[in-house]
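Chemist: Chain residues, written in single-letter form:
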Amino acid sequence: MTDKSTLHDLLAHPFPVTDPPNPEFFHAWLHALESALVQVRELGGDESLILRLQRLADLSAALLEGSSAWVDAEGKWVQLTSLIRETLPPLKLDEPLPAIPESSSVIAPITTQTPSADPIPAEAMTAPSVTGDPRSIESRASETSKPMASFSDRLEQAMRQPMRQRKRHQPVLAMTSKGARLEKEIEEDEEEEGLSQPKEPVISDAPLIPASQVLDMSLLVLFLESNFGELDRMDGLAMDAEQGNTEARAEITRKIHTLKGELGLLGLSDETAFLHRLENQLNQGEFPVEAILEAIKRLKSMWERLVEASKHSGQYALAYEAESTGSGTLTTSQNAASHNASELTAGLQTYPMREDESIFLADFKTEAAEHFQSLAGFILELDQEPEKPDAINGVFRVYHTIKGVAGFLHLSCIQLMAHGLESLVARARSRQIALDAKLIGLLLNATDSLKEMIQQSFYSEGKATVMVHEKAAELLQQLHAVEQGRVEALARAKQIETGPTGGGDSRQGAVEDSLRISAKKLDHLFDALGEIVIAQSMIAADPLLQTSGRVFDRKELLALRQKIQASQTILNQVQQVTLSLRMISIKPTFVKMARLARDVSQKTNKPIDFVKEGEDTEIDKSFAEKLSDPLVHMIRNSIDHGIEPTPERLRAGKSEKGRLTLRAYHRSGRLFIEIEDDGKGLDTDVLMRKAIERGLAQEGAKLEPETIFRFILEPGFSTAQQVTDLSGRGVGMDVVRQSIEALGGALAIHSAKGQGTRFTLSLPLTLAIINGMFVKAGGQVFIIPSLAMTEVVNPSPGQVQSLSDEDHLLELRGKWIKLMRLSDAMGLTAKPPPFHEGVAIIVEDGMGYSLAIFVDSILSREQVVIKPLGEAIPIPEAVQGGAVGSDGCVHLIIDVPVLLSKSMQARQPHARPQEVLNP
Amino acid sequence: MTTASLAETGKRTAKSRGDKILFFRTGEHLCGIPIAGVVRILQFQHVTPLPSSQPQVMGMLNLQGRILPVLDMAMRMSRRTFQPDDNACIVVVQAERDGKPIQFGIAVEEVLGVQDISPSEIQPPPPGLDGIDLSLVKGITGSGSDLRLLIEVEGICKTQNQDFLPPHLAQELHSETKV
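Going down the list, the sequences are from chains U and V. So for the first sequence, my numbering puts the first residue at 1; every next one is plus one. So for the second sequence, my numbering puts the first residue at 920; every next one is plus one.
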């Protein structure tokens, strides 16, 4: 049972402020709050009290969820805590409320005033108002009508604070106790601004970027990056929930709740309010799927805007609101390292400064000199005792202070440096990294640079000038590298962001370049790397290699071989994981398509069942991005042109709902994506007529259906009677073909009139490791991807019959299939062995066609990395790429799909089996 | 016409103006390419033959994890088969095609050295030579038995100013010759 005093305590100390911030403490407090809430509910407590507690709990939970982002951000934490304290001032039963300023709207938090049957809240709530200033009671009473609004307005207002241009404060404040300063600032700001305007006019001259704003940006970045994937997922969830999936529904409710909290924190009040309404609806048992999808769409577009803007400025804060006119010098700790613009630029840096501010610069230099004296002592203490709390806190304090003042004076290069140092120390303080000798060295060097920058700065004629040496820029980069490169810190998050794995050529947007990699994969990688180091040192330490000129026995040799083999195994693992880093699930793409299909289906008024198959198929990340456009076109087409309107479907004896299947799978070492509808199919007559009209085909020509279908891939080819806003302009399929071909893929169309159409995209897995069968044919070694094989046969004499020198048939379980000598296919002239001495490898094209590839012998099976053969010379079609075998030599990888299609076309161009829709 | 003499010439003329040219021997010819286009010089090693390709394509080479084609310089220059011996080298060169850098190796019988050649020492090849591909040779230099051909790197992977046939055409040609 919650007794009076517990609740009283909770309300009296609405937020546990500790310095340094202590999430555990906060956790405990939140827990107590939540149980109190439950019990007040059970007791049937005052509605508005429950609401208020609920708000408090929501907000606290949201704060807590973000708290990991603030572990290294003390300023922010304290600021938020004080903000909340401001918003919800402590209630003392026997004390009057704190004095209320003239602008009555400042006091919004205590909105419950209704006497209640429940003694606890009533007592808690009414007591202060009795003793309070009558005017304030009035003002509060006037607000009781909209308690939520005032609360959230106020909160949002407060949250928005750090995002906004700050008024200039006296620099001495920045040097004093942090908490007090921030609170004071808030008070002042609120008084000045009166809270009535949600957005303040821009102060357009050189802005002051307070230290805390850096953290806001990083918070925003963190939020955006962690949630964008979620938004896609929510699309999927919303649709599942619509189908009656209660679990999905529960999850989406949770997600909306979380999002709301986070958005609130970021000061995005419109979005927060929207989500809040949505949440209310959900809680009342409605499921407004349209509204949810709309919300997701809005958030996505917001995200995209931010990303777009971040490309130009490298700053989210700039992107977010025009309020922030940061000059592009300050950036977040998130993308600082990857953005050259955010790094220090060596050379003389000048910053506009008013004359009256120049005295602050002098003060700053003097104070900083004192700080540096103590700093050196602290750092050296840390060298002796890396985790000494006094020293580490002392160091942190100095950097933080310098950062704050430099920010106030707009000396962004100093600020950047101090921020880099501060972040590093913050991480050390929260034990995310250990300060080893190397790091201490880095700290000392960077501190020296910082000191140099400050000491050499000067003011003249409206400008402050700071000399930035190249060394300083380098040191800052190192700081960022250390900060970002730490495994321990990264692995904590469930999913982490990591830089591009490729070269440094793709440096445009900080967000776009990043690759989301599951922490599990990275863990594997690091584990394996650790092992390989051990294995390698074991080999190096092997007695056999240590001594020379000695006879060794077989046993020793075996032992060494075992060690080498062990390291080989681990190395393979490393290779596999490394390459898999680029592979991502196709699921997000599928969900996106499901969403699109839904929209198109509604727009065209054609109900459909959207079926996803093989969602877990992994594809290369770069493919996932580039696939999106062609898929969008094809899905639109399928629904708009393929699937008939309901009446027509019913007349044709089909189900009312159309069926659209999106399917992905790996086969024969390639990625296949299929889009299949059960619509009206392609009409060869209509297509033919159109083709003749456009001069693509001769009148009366007899063409294969396959060839006729391909006309739709021609530019400007459209049979649509009517151009809708969705499709029909005859641009789509042409674009599709181009983008697929650009990816090295191919597009096949199968269609049966009245039954439906299937588009099959086949794409290479260029970056994959494949299991390759090393075979010998015509005196040369080739690699056949194992994925393409179905079986391997040693033909018995008589199992192969030759029709001519080049046409051979293999009897396989009563069926004759074509047998092709690999040496013939590759144009090698060496005399092949008789069939019963070689091996036949059976491959199939996934559509029912099989081929036997005859080789002299099979040598081994190895994992190989497919590599391109370069562009200098033409590569034979049947060669997919090359790989370096264990002998260090290049071996050619056979492109089985090409062999298959060549084998079909070469001899029997018109004998391709009639395609069926469902293989 | 030995390595030593060329190397010495190289040293002597190192200070003089002009392009630095890497000279090598292929068949009976002395050829040179600008050193700027040379990526690396390797001892001759096994290359994996690329079936169904043109005769001057010797095969594929693994250069630190990258796979590069190696062209037979003797075959390219004068349709003679390359005979590797202990002095044979693969010169990895970089050229540009359609604005994109391409790399490949050329197999040569011997690498002689680097020498500065000033533009005044270069003479355009006289027309009407049959045994060598003139689309490849952009100038001649030297005197007496020391006649040297200056090769255009871009031209090495072209025939008669034409890029190689696209793969499918090459395939068709190939199957035609087979049938």
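Worth flagging that the hints you see were computed from the coordinates, not collected in a lab. Keep in mind that a hint or two might mislead.
Claimed, not checked - Simulated restraints on C-beta separations:
{"no.": "1", "chain 1": "U", "residue 1": "V533", "chain 2": "V", "residue 2": "E1073", "range": "57 to 67 Å"}
{"no.": "2", "chain 1": "U", "residue 1": "Q738", "chain 2": "V", "residue 2": "D1017", "range": "13 to 23 Å"}
{"no.": "3", "chain 1": "V", "residue 1": "A955", "chain 2": "U", "residue 2": "S537", "range": "38 to 48 Å"}
{"no.": "4", "chain 1": "V", "residue 1": "G1063", "chain 2": "U", "residue 2": "Q477", "range": "57 to 67 Å"}
{"no.": "5", "chain 1": "V", "residue 1": "R998", "chain 2": "U", "residue 2": "G530", "range": "39 to 49 Å"}
{"no.": "6", "chain 1": "U", "residue 1": "S585", "chain 2": "V", "residue 2": "P1003", "range": "44 to 54 Å"}
{"no.": "7", "chain 1": "V", "residue 1": "P1020", "chain 2": "U", "residue 2": "E279", "range": "33 to 43 Å"}
{"no.": "8", "chain 1": "V", "residue 1": "D1065", "chain 2": "U", "residue 2": "T345", "range": "21 to 31 Å"}
{"no.": "9", "chain 1": "U", "residue 1": "V533", "chain 2": "V", "residue 2": "Q1002", "range": "38 to 48 Å"}
{"no.": "10", "chain 1": "V", "residue 1": "D1065", "chain 2": "U", "residue 2": "A541", "range": "31 to 41 Å"}
{"no.": "11", "chain 1": "U", "residue 1": "E470", "chain 2": "V", "residue 2": "R998", "range": "50 to 60 Å"}
{"no.": "12", "chain 1": "V", "residue 1": "A955", "chain 2": "U", "residue 2": "D887", "range": "48 to 58 Å"}
{"no.": "13", "chain 1": "U", "residue 1": "G244", "chain 2": "V", "residue 2": "P1020", "range": "53 to 63 Å"}
For glycine and all other residues, C-beta sits at the position ideal for the given N, C-alpha and C.
Chemist: Take a look at whether the Cβ-Cβ distance between D1065 of chain V and T345 of chain U falls inside 21 to 31 Å.
Modeler: Since the Cβ atoms of D1065 of chain V and T345 of chain U sit about 54 Å apart, the hinted range of 21 to 31 Å is violated.
Chemist: When you take the CB atoms of V533 of chain U and Q1002 of chain V, is the distance between them in 38 to 48 Å?
Modeler: Given about 46 Å between the Cβ atoms, the range holds.
Chemist: So the hint says 13 to 23 Å: do the beta-carbon atoms of Q738 of chain U and D1017 of chain V match that?
Modeler: holds (18 Å)
Chemist: How does the Cβ-Cβ distance of A955 of chain V and D887 of chain U compare with 48 to 58 Å: does it lie in that range?
Modeler: This hint is violated: roughly 34 Å between Cβ atoms.
Chemist: Do V533 of chain U and E1073 of chain V keep their Cβ atoms within the hinted range of 57 to 67 Å?
Modeler: violated (45 Å)
Chemist: Are D1065 of chain V and A541 of chain U spaced within 31 to 41 Å by their CB atoms?
Modeler: For A541 of chain U against D1065 of chain V, whose Cβ atoms are near 56 Å apart, the range 31 to 41 Å is violated.
Chemist: Taking the CB of G1063 of chain V and the CB of Q477 of chain U, does the distance hold inside 57 to 67 Å?
Modeler: holds (58 Å)
Chemist: Is it true that the C-beta distance of S585 of chain U to P1003 of chain V lies inside 44 to 54 Å, as the hint says?
Modeler: holds (49 Å)
Chemist: Taking 33 to 43 Å as the hint, is the beta-carbon distance of P1020 of chain V and E279 of chain U inside that range?
Modeler: Between P1020 of chain V and E279 of chain U, where Cβ atoms are some 56 Å apart, the hint is violated.
Chemist: Taking the beta carbons of G244 of chain U and P1020 of chain V, is their distance inside 53 to 63 Å?
Modeler: This hint holds: roughly 58 Å between Cβ atoms.
Chemist: Go ahead and decide if the range 38 to 48 Å is satisfied by the Cβ distance of A955 of chain V to S537 of chain U.
Modeler: Check passed, 43 Å falls within 38 to 48 Å.
Chemist: The hint says 50 to 60 Å between E470 of chain U and R998 of chain V; measuring C-beta to C-beta, is that right?
Modeler: holds (56 Å)
When the structure is compared with the earlier hints, violations turn up for hints 1, 5, 7, 8, 10 and 12 and for no others.
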